[in-house]
Amino acid sequence: AQTVTQSQPEMSVQEAETVTLSCTYDTSESDYYLFWYKQPPSRQMILVIRQEAYKQQNATENRFSVNFQKAAKSFSLKISDSQLGDAAMYFCAYRSHNSGGSNYKLTFGKGTLLTVNP
Amino acid sequence: GAGVSQSPSNKVTEKGKDVELRCDPISGHTALYWYRQSLGQGLEFLIYFQGNSAPDKSGLPSDRFSAERTGGSVSTLTIQRTQQEDSAVYLCASSLVGGGAGPTQYFGPGTRLTVL
Numbered sequence: 001a002q003t004v005t006q007s008q009p010e011m012s013v014q015e016a017e018t019v020t021l022s023c024t025y026d027t028s029e030s031d032y033y034l035f036w037y038k039q040p041p042s043r044q045m046i047l048v049i050r051q052e053a054y055k056q057q058n059a060t061e062n063r064f065s066v067n068f069q070k071a072a073k074s075f076s077l078k079i080s081d082s083q084l085g086d087a088a089m090y091f092c093a094y095r096s097h098n099s100g101g102s103n104y105k106l107t108f109g110k111g112t113l114l115t116v117n118p
Numbered sequence: 001g002a003g004v005s006q007s008p009s010n011k012v013t014e015k016g017k018d019v020e021l022r023c024d025p026i027s028g029h030t031a032l033y034w035y036r037q038s039l040g041q042g043l044e045f046l047i048y049f050q051g052n053s054a055p056d057k058s059g060l061p062s063d064r065f066s067a068e069r070t071g072g073s074v075s076t077l078t079i080q081r082t083q084q085e086d087s088a089v090y091l092c093a094s095s096l097v098g099g100g101a102g103p104t105q106y107f108g109p110g111t112r113l114t115v116l
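Going line by line, the protein sequences match chains A and B. Oh and the first sequence: position 46 is 46 in our numbering, straight run, nothing missing. Oh and the second sequence: position 54 is 54 in our numbering, straight run, nothing missing.
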């Protein structure tokens with residue numbers, strides 16, 4: 001079974017600064033997907049960024065980018081120019097590329113609570 | 001377009017009562033998932049529906065939990081004889097199946113269930 005570990009329960013960053021959230025995972029599969037989701041107090045889980053394991057290039061979405069190290073099974077999220085609206089719980093998630101049944105489920109880490117200080 | 005919707009937003013019930021939670025997925029999404037988010041257990045997969053196929057119920061914690069999906073769209077999660085440990089936020093997600101954007105799951109706002 002796959003596991004996802006987020007070792008930082010809480011992080012804080014000054015507005016306009018850069019912060020990196022860590023995520024490691026364990027899997028025996030060679031092809032899979034990795035995601036970062038953001039959950040503000042409204043509870044709505046919002047997709048931040050997605051990475052396909054077969055792609056060597058790191059995914060980027062505006063101020064958000066990842067550092068995907070497949071051999072190390074590491075998938076960190078970098079937020080540049082942090083904004084007050086970035087404050088939320090951030091979850092790292094894994095999904096198998098295999099088809100069928102619970103292979104489609106997301107396996108989540110415990111989350112990192114990000115505070116942005118003005 | 002409209003996202004995933006869930007109702008009710010909040011539900012307070014007494015121990016032993018049955019509750020029904022509803023999820024309306026994004027139009028055209030054939031896959032639907034239920035997850036539970038609790039302080040102690042984090043985010044846990046409950047059940048997965050794909051089209052008209054038999055659902056994958058491998059994440060349901062007990063036989064008090066059941067779910068159905070009517071007409072390949074709206075889903076209802078039912079918890080019978082609720083217990084205090086059922087208190088959690090129940091999240092629904094939907095996705096296309098297949099390549100491209102298929103694997104990305106889009107979540108609803110959740111239902112917060114409180115069992116007194």
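In short, the hints are calculated from the structure, not lab data. Just to be clear, a hint being listed does not mean it is correct.
Unchecked claim - In the DSSO-like style, the derived pairs of lysine-lysine whose C-alpha atoms are separated by at most 27 Å in a straight line are:
| # | chain 1 | residue 1 | chain 2 | residue 2 |
| --- | --- | --- | --- | --- |
| 1 | A | Lys-78 | B | Lys-15 |
| 2 | B | Lys-57 | A | Lys-110 |
| 3 | B | Lys-57 | B | Lys-15 |
Since the structure is predicted, the reported quantities are computational estimates derived from the model, not experimental observations.
Hint by hint, here is what the structure shows:
no.: 1; hint: A:Lys-78 - B:Lys-15; result: 44 Å, violated
no.: 2; hint: B:Lys-57 - A:Lys-110; result: 23 Å, holds
no.: 3; hint: B:Lys-57 - B:Lys-15; result: 24 Å, holds
Of the numbered hints listed earlier, the single one contradicted by the structure is hint 1.
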